[in-house]
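Undergrad: The primary structure of each chain is shown beneath.
Number of protein chains: 2
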Amino acid sequence: MKVDGKEMRPIWFDRATETVQVIDQRFLPHQLVIEDLKTVDDVIRAIKEMYVRGAPLIGATGALGVYVSLVQKNNRGADDNYLQAECDRLKNARPTAMNLFWGVDRVRDATLKETDHDARVKAALAEALQVVEEEAVNCEKIGRHGLAVIEEISRKKDGRPVNILTHCNAGWLACVEYGTATAPIYTAFDNHIAVHVWVDETRPLNQGSRLTAWELGKHGIPHTVITDNAGGHLMQRGMVDLVIVGTDRTTRAGDVANKIGTYLKALAARDNNIPFYVALPSSTFDWDITDGLKDIPIEERNPDEIRYVQGLSNGKVQTVLVPPEMSPAANPAFDVTPARLVTGFITERGICSATEADIMALFPEKVID
Amino acid sequence: MKVDGKEMRPIWFDRATETVQVIDQRFLPHQLVIEDLKTVDDVIRAIKEMYVRGAPLIGATGALGVYVSLVQKNNRGADDNYLQAECDRLKNARPTAMNLFWGVDRVRDATLKETDHDARVKAALAEALQVVEEEAVNCEKIGRHGLAVIEEISRKKDGRPVNILTHCNAGWLACVEYGTATAPIYTAFDNHIAVHVWVDETRPLNQGSRLTAWELGKHGIPHTVITDNAGGHLMQRGMVDLVIVGTDRTTRAGDVANKIGTYLKALAARDNNIPFYVALPSSTFDWDITDGLKDIPIEERNPDEIRYVQGLSNGKVQTVLVPPEMSPAANPAFDVTPARLVTGFITERGICSATEADIMALFPEKVID
Numbered sequence: 030m031k032v033d034g035k036e037m038r039p040i041w042f043d044r045a046t047e048t049v050q051v052i053d054q055r056f057l058p059h060q061l062v063i064e065d066l067k068t069v070d071d072v073i074r075a076i077k078e079m080y081v082r083g084a085p086l087i088g089a090t091g092a093l094g095v096y097v098s099l100v101q102k103n104n105r106g107a108d109d110n111y112l113q114a115e116c117d118r119l120k121n122a123r124p125t126a127m128n129l130f131w132g133v134d135r136v137r138d139a140t141l142k143e144t145d146h147d148a149r150v151k152a153a154l155a156e157a158l159q160v161v162e163e164e165a166v167n168c169e170k171i172g173r174h175g176l177a178v179i180e181e182i183s184r185k186k187d188g189r190p191v192n193i194l195t196h197c198n199a200g201w202l203a204c205v206e207y208g209t210a211t212a213p214i215y216t217a218f219d220n221h222i223a224v225h226v227w228v229d230e231t232r233p234l235n236q237g238s239r240l241t242a243w244e245l246g247k248h249g250i251p252h253t254v255i256t257d258n259a260g261g262h263l264m265q266r267g268m269v270d271l272v273i274v275g276t277d278r279t280t281r282a283g284d285v286a287n288k289i290g291t292y293l294k295a296l297a298a299r300d301n302n303i304p305f306y307v308a309l310p311s312s313t314f315d316w317d318i319t320d321g322l323k324d325i326p327i328e329e330r331n332p333d334e335i336r337y338v339q340g341l342s343n344g345k346v347q348t349v350l351v352p353p354e355m356s357p358a359a360n361p362a363f364d365v366t367p368a369r370l371v372t373g374f375i376t377e378r379g380i381c382s383a384t385e386a387d388i389m390a391l392f393p394e395k396v397i398d
Numbered sequence: 030m031k032v033d034g035k036e037m038r039p040i041w042f043d044r045a046t047e048t049v050q051v052i053d054q055r056f057l058p059h060q061l062v063i064e065d066l067k068t069v070d071d072v073i074r075a076i077k078e079m080y081v082r083g084a085p086l087i088g089a090t091g092a093l094g095v096y097v098s099l100v101q102k103n104n105r106g107a108d109d110n111y112l113q114a115e116c117d118r119l120k121n122a123r124p125t126a127m128n129l130f131w132g133v134d135r136v137r138d139a140t141l142k143e144t145d146h147d148a149r150v151k152a153a154l155a156e157a158l159q160v161v162e163e164e165a166v167n168c169e170k171i172g173r174h175g176l177a178v179i180e181e182i183s184r185k186k187d188g189r190p191v192n193i194l195t196h197c198n199a200g201w202l203a204c205v206e207y208g209t210a211t212a213p214i215y216t217a218f219d220n221h222i223a224v225h226v227w228v229d230e231t232r233p234l235n236q237g238s239r240l241t242a243w244e245l246g247k248h249g250i251p252h253t254v255i256t257d258n259a260g261g262h263l264m265q266r267g268m269v270d271l272v273i274v275g276t277d278r279t280t281r282a283g284d285v286a287n288k289i290g291t292y293l294k295a296l297a298a299r300d301n302n303i304p305f306y307v308a309l310p311s312s313t314f315d316w317d318i319t320d321g322l323k324d325i326p327i328e329e330r331n332p333d334e335i336r337y338v339q340g341l342s343n344g345k346v347q348t349v350l351v352p353p354e355m356s357p358a359a360n361p362a363f364d365v366t367p368a369r370l371v372t373g374f375i376t377e378r379g380i381c382s383a384t385e386a387d388i389m390a391l392f393p394e395k396v397i398d
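These protein sequence lines map, in sequence, to chains P and Y.
Under this note's numbering, read the first sequence as residues 30 to 398, first letter to last.
Under this note's numbering, read the second sequence as residues 30 to 398, first letter to last.
If you're looking for bench data, these hints aren't it; they were derived computationally from the structure.
Ideal Cβ placement from N, Cα and C applies to all residues, glycine included.
Please note that a few of the clues may not be correct.
Sample of chain Y residues with no beta-carbon within 12 Å of chain P, all distances over it, derived [claimed, not checked]: (1) Gln-101; (2) Arg-135; (3) His-174; (4) Glu-244; (5) Gln-265; (6) Met-268; (7) Glu-334; (8) Arg-378; (9) Gly-379; (10) Leu-391; (11) Lys-395.
Once the Cα atoms are required to be at most 20 Å apart in a straight line, the calculated EDC-like pairs of lysine to aspartate or glutamate come out as [to be verified]: (12) Lys-67/P - Glu-180/P; (13) Lys-247/P - Glu-354/Y; (14) Lys-142/P - Glu-181/P; (15) Lys-31/Y - Glu-354/P; (16) Lys-102/P - Asp-53/P; (17) Lys-67/Y - Asp-117/Y; (18) Lys-102/Y - Asp-70/Y; (19) Lys-345/P - Glu-354/Y; (20) Lys-345/P - Glu-334/P; (21) Lys-247/Y - Glu-354/P; (22) Lys-247/P - Asp-33/P; (23) Lys-395/Y - Asp-134/Y; (24) Lys-31/P - Asp-53/P; (25) Lys-67/Y - Glu-78/Y; (26) Lys-345/Y - Glu-354/P; (27) Lys-151/Y - Glu-169/Y; (28) Lys-151/Y - Asp-134/Y; (29) Lys-345/P - Glu-78/Y; (30) Lys-345/Y - Asp-333/P; (31) Lys-31/P - Asp-134/Y.
Covered stretches of chain Y (in silico footprint by chain P; criterion: 3 or more residues with CB under 8 Å from a CB of chain P, positions within the stretch not fixed) [as the list claims (entries may be wrong)]: (32) 40 to 51; (33) 339 to 346; (34) 359 to 366.
Sequences are here, hints too, so could you generate the full structure?
TA: Here's what the structure looks like:
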């Protein structure tokens, strides 16, 4: 996507220096910082500390992390045990996002087909870059399928702006291109359909107000930042036509783990008869589980992410302490929205309802005999 | 209530200087700033800019504001027209809180019973202080009635801590003593019932993390600050036994206007079969209306309250800008929770369900013939 006229992705492989590079998203929107990921520890830190975040991007970063583990070991000590141990370390960087396990395992499997170290390095890089490209292509397809949903509402409103609420950042910064939740929005906008986006600020890390607002603004899409508290009120007043969110892991039965607070928006959408869609590449499905509440581990992150808020002050990125120094905080990072509250999934293969039968109809190769 | 061992209220009349004084709550929890309110403009600024906030406290401040309007006019120019105009200005300071209109009108009516200026000043002060004291007494009664709800849950849990979620600050800082939503909590704690409070931080102004956490901490009550996004997740996991919130205006049919985001918590409580109580003195009821969504005006506040976050940095209270400079924001301050989602009201007269019939049974003098 374009940033001030320049094509940019949140992760890329720089061929000149043979280095994996990422945007350090912690400093957006106020500073655009680029980081080199030269070791597996760099990659793990980038995932854990959320230089990179968003399920598809975490998957892409993990995939390139397998490549990094091999080039880091230039003394040929990269045997199968080493590779597996590094893959396990990468997969443990964050517990909820499905794409991380999927991306790492896929590159590991491609790597293990080779025996020679140099061939393995080459295979790992090729497969990881393939993962990155596929995510971009999948997001573009999600955009095309989701466009139909927005078009239909636009027709019903006689072309007046379609008001879309989104939570967190499931934009291109969370993916590679287009985003998941934002892909239909970018596609609609580029097709001259009037849209306006309500951007949940998404506490505690403000991925909505920091990242989604930045992305949309750079692309010229009308948007308004709101608190996470405001969505229900706007829905009651007829000011939201559609909700689209991303997901970090979705069960084969359609339960959706996504950024904390998503469940509250799904409840409000249901209470006000507003369609609630989840956009995802199939790499986000966890085909092995059905019960999201029981089977998806919810990451508990550092309470300081709630206590300290980062922003711009006197031209510098600074943090301020909000609650009393002595008050503890708890910081669950995700919640699970039950399938019963989801209107539909927008995937790279098309749209389906949030039932196992409909999901399986779209992904028949995942049917368990 | 006690602050570091010293009895304190959020508003008081200093007899030595004959001045109305308030805690300027904008700087809590990091600085305890006291302000004199010497003119009606001072009072309006304190209400508008939220030096004082919370429906009962806004009512008490408005009541004392009528007294201030009279002493300010020491040249005997305070005729009935002047008084009414100042009362109207006070009532326009904020549009949603019922108690403001109620407090101002009550002191105005008491004042108009006198004709002599000095008698009016005396009457205004006496009635305003009566309003303040009654709010304190009412909150104490709310605490005693609400205690029964917490006791019953405590018994069912065999004395294990009762987990209570609250939104915004409906504590003593929002009232005069005890608070509304917090009154049952303080009363339970003082009666040696184990409680733990989930404190919604309450964006955008963080009244939960700044004020409720400070109050509870000063009183020694176990509490944990959470994002506004987290409540649904905690309820799904059985970690919330009870929700208690305050209200800024409640219709005679039981629709509840309260801090933005309350509606989302009510939806989650209903979805998880968790009791959702609203605690209020009867001064918060608007006896003239039934339909909250239609009839309660929702204040739209300055978007900068969302864009800039205030906290402590290097020992100083500072603000930081979170979203991109160019992104607009919208800031509705309240939402309306429909009566159907409310388990019950905890009032100074006892507890009733959220139906017009039950509310009228408790306040029969308000029955419309």
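Undergrad: Quick one: which hint numbers does this structure break? Sort them smallest to largest.
TA: 4, 5, 6, 7, 12, 14, 16, 27, 29, 31 and 32
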